[in-house]
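Trainee: Single-letter residue listing:
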Amino acid sequence: MSSAKGSWELPISEGELSRLTGELDEAHQEYLPRMQAAAADLGQELRDTGAVRESRFASRRGFLLGAGGVAAALTLAACSSSTKTTAGASPSGSAMSPSGSPSASSLYTGDLQVVALATALENQAVGAYGAALAAAKAGKLGSVPPAVATFATTAMSQHTDHAKAWNAVLTGAGKPAITGVPLSNQPATLKALGAVTNVGGVAQLALELENQAAQTYLFATYNVTSAGGIATAASIAPVEAMHAAILNFVLGQYPVPDDFLPVDKAASPTLLTI
Amino acid sequence: MGEEHLDTRLLAELTEQSQDLNSDALRITRESLVEYGQQQEPVRRWWQRGSVLAGAVGGAALLGVGRAAAASSVDVQALQTAASIENLAVSVYTTAAGLSFIKDGNKTVAAFIAKTTTQHTAHGQAFNAAATQAGGKAQTAPDPKYLAVVKKMLPSITTPADVVKLAITLEDVAAQTYTSYVSKVSDPALRKLFASVAPVEAQHRSTLLAVQALLAGGGAALIAIPTDAAKLPAAAGSVGFPDSFYSTSMASPVTEGAVQ
Chain A
1 MSSAKGSWEL
11 PISEGELSRL
21 TGELDEAHQE
31 YLPRMQAAAA
41 DLGQELRDTG
51 AVRESRFASR
61 RGFLLGAGGV
71 AAALTLAACS
81 SSTKTTAGAS
91 PSGSAMSPSG
101 SPSASSLYTG
111 DLQVVALATA
121 LENQAVGAYG
131 AALAAAKAGK
141 LGSVPPAVAT
151 FATTAMSQHT
161 DHAKAWNAVL
171 TGAGKPAITG
181 VPLSNQPATL
191 KALGAVTNVG
201 GVAQLALELE
211 NQAAQTYLFA
221 TYNVTSAGGI
231 ATAASIAPVE
241 AMHAAILNFV
251 LGQYPVPDDF
261 LPVDKAASPT
271 LLTI
Chain B
1 MGEEHLDTRL
11 LAELTEQSQD
21 LNSDALRITR
31 ESLVEYGQQQ
41 EPVRRWWQRG
51 SVLAGAVGGA
61 ALLGVGRAAA
71 ASSVDVQALQ
81 TAASIENLAV
91 SVYTTAAGLS
101 FIKDGNKTVA
111 AFIAKTTTQH
121 TAHGQAFNAA
131 ATQAGGKAQT
141 APDPKYLAVV
151 KKMLPSITTP
161 ADVVKLAITL
171 EDVAAQTYTS
181 YVSKVSDPAL
191 RKLFASVAPV
201 EAQHRSTLLA
211 VQALLAGGGA
221 ALIAIPTDAA
231 KLPAAAGSVG
241 FPDSFYSTSM
251 ASPVTEGAVQ
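These protein sequences, in sequence, are chains A and B. With this note's numbering, letter number 98 in the first sequence gets 98, and the count goes up by one each step, no holes. With this note's numbering, letter number 21 in the second sequence gets 21, and the count goes up by one each step, no holes.
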């Protein structure tokens, strides 16, 4: 079905075009406002940062803002030098000491280190789902329920989207994108993945990765300084938690086990090997 | 198919406008990402601050001494609106639990409603505790906007699928609102609170979306824990998480359920 009008021929039907247009419109409605809001937030954040910096020495208000910032920094420094810690307060794998942190010459510092960690975790998940799907295709996992295959494919796609978003931040900051999995726990993850022989084993491993990702993003929301970083982490954490809910259901477990998402399984930047 | 009615000139114009919009959006995003990258270098590394912040917000002592000074009026309003959403959710789930087709229906659905009610109760208590410790009043009333929605829908609720549909709406509003509030509140402890509740509401929604799909597809028997994963339809594997990023387009403004 095609239509000729003017100087060109439409290669699809009007119905098909209407459907595609509808889908495009939905996509625009869904994503453009979010992107515009995120861009506005980032712009506002930068303007605010610039305003503080410029007025800090020029006005009383600026002085007070500056003094507040210094006081906050001193408070943080004093508190962080304390030996007092709270159980479950730090992400798993965190040595909470300089020796446990990534190389001092790391390319990624400050909030960008969190972004790098997030990217690596997303790549790890993408790789795990890809390996699982390949193993399933090769018949190494026995019978694979259709719902599990759909889950893995869709979750992998969403993790790819997350990795792209984080990598865009890295490259936008002039840092290299992270395409691999520079995490110290990756060998153990690969080993565990290679050892599974059934769908249940894969689902359990995936559940651990999803919980780790969701909790890492939760931890990030109250530990990063960038408003853009906070908003992005906040918008991804629920999605990883939803993956975990469906995995729990498939595994025969209650899908919403916690009243509040904990952080005991959150990954630490000390896992980064770059 | 009516292909004769296509206005190709208008189509070309609209396509050009769409391309312009896309170009503008991409340019804005690219510029923002570059700017975002240029302002990175916090006072201290995040994991070093982590123990301090998490220690301050851990467990029941979420908001400790001096928290009132840290919270803003926006913080208090956000907490009260969140509490109002939780109050409404508890009310709706409690009402649903008493309906004959829920009470005498699928045991897993009934158990989910009971557990979810206790979780929303816990959320409401946490939000109100934080509001009062921040110097505000506890919100005991339901969210007015969605109360009206619920009242309008109640007469038409006659099946488990109707209940599930309404619950999905409330869970989505809650998750979107709290995701949004993570960026709106000024206190890191409150960011943690909202960010720890939003994923739980998203999980409620995810579960309900799967249940909805199974009910619609004649798979009510598969709504069980444990379920028979082998018999689940393919769509059940993805219907529970439709978006890569959680939307906030339906988030309630912080004033919506604030105590007047």
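Simulated from the structure, these hints should not be mistaken for lab results. All values reported here derive from a predicted model rather than from experimental measurement. Don't be surprised by glycine CBs; every beta carbon is placed ideally from N, CA and C. Check the hints yourself; a few may be wrong.
[As the list claims (entries may be wrong)] Heads up, simulated DSSO-like pairs for lysine-lysine below, C-alpha to C-alpha not over 30 Å straight-line: (1) 137/B / 107/B; (2) 231/B / 152/B; (3) 231/B / 165/B; (4) 175/A / 265/A; (5) 107/B / 184/B; (6) 107/B / 151/B; (7) 165/B / 152/B; (8) 184/B / 164/A; (9) 231/B / 103/B; (10) 164/A / 175/A; (11) 137/B / 103/B; (12) 265/A / 184/B; (13) 140/A / 265/A; (14) 231/B / 140/A; (15) 175/A / 184/B; (16) 137/A / 165/B; (17) 151/B / 265/A.
[What the hints assert, rightly or not] Which stretches of chain B does chain A cover? Using the computed rule of at least three CB atoms under 8 Å from a CB of chain A, they are: (18) 75-88; (19) 106-119; (20) 130-139; (21) 179-188; (22) 230-239.
Trainee: Please go over all the hints and tell whether each is borne out by the structure.
Mentor: Going through the hints against the structure:
no.: 1; hint: 137/B / 107/B; verdict: 38 Å, violated
no.: 2; hint: 231/B / 152/B; verdict: 37 Å, violated
no.: 3; hint: 231/B / 165/B; verdict: 24 Å, holds
no.: 4; hint: 175/A / 265/A; verdict: 28 Å, holds
no.: 5; hint: 107/B / 184/B; verdict: 39 Å, violated
no.: 6; hint: 107/B / 151/B; verdict: 26 Å, holds
no.: 7; hint: 165/B / 152/B; verdict: 14 Å, holds
no.: 8; hint: 184/B / 164/A; verdict: 25 Å, holds
no.: 9; hint: 231/B / 103/B; verdict: 26 Å, holds
no.: 10; hint: 164/A / 175/A; verdict: 14 Å, holds
no.: 11; hint: 137/B / 103/B; verdict: 35 Å, violated
no.: 12; hint: 265/A / 184/B; verdict: 26 Å, holds
no.: 13; hint: 140/A / 265/A; verdict: 29 Å, holds
no.: 14; hint: 231/B / 140/A; verdict: 20 Å, holds
no.: 15; hint: 175/A / 184/B; verdict: 29 Å, holds
no.: 16; hint: 137/A / 165/B; verdict: 36 Å, violated
no.: 17; hint: 151/B / 265/A; verdict: 41 Å, violated
no.: 18; hint: 75-88; verdict: violated (count 0)
no.: 19; hint: 106-119; verdict: holds (count 4)
no.: 20; hint: 130-139; verdict: violated (count 0)
no.: 21; hint: 179-188; verdict: holds (count 4)
no.: 22; hint: 230-239; verdict: holds (count 9)
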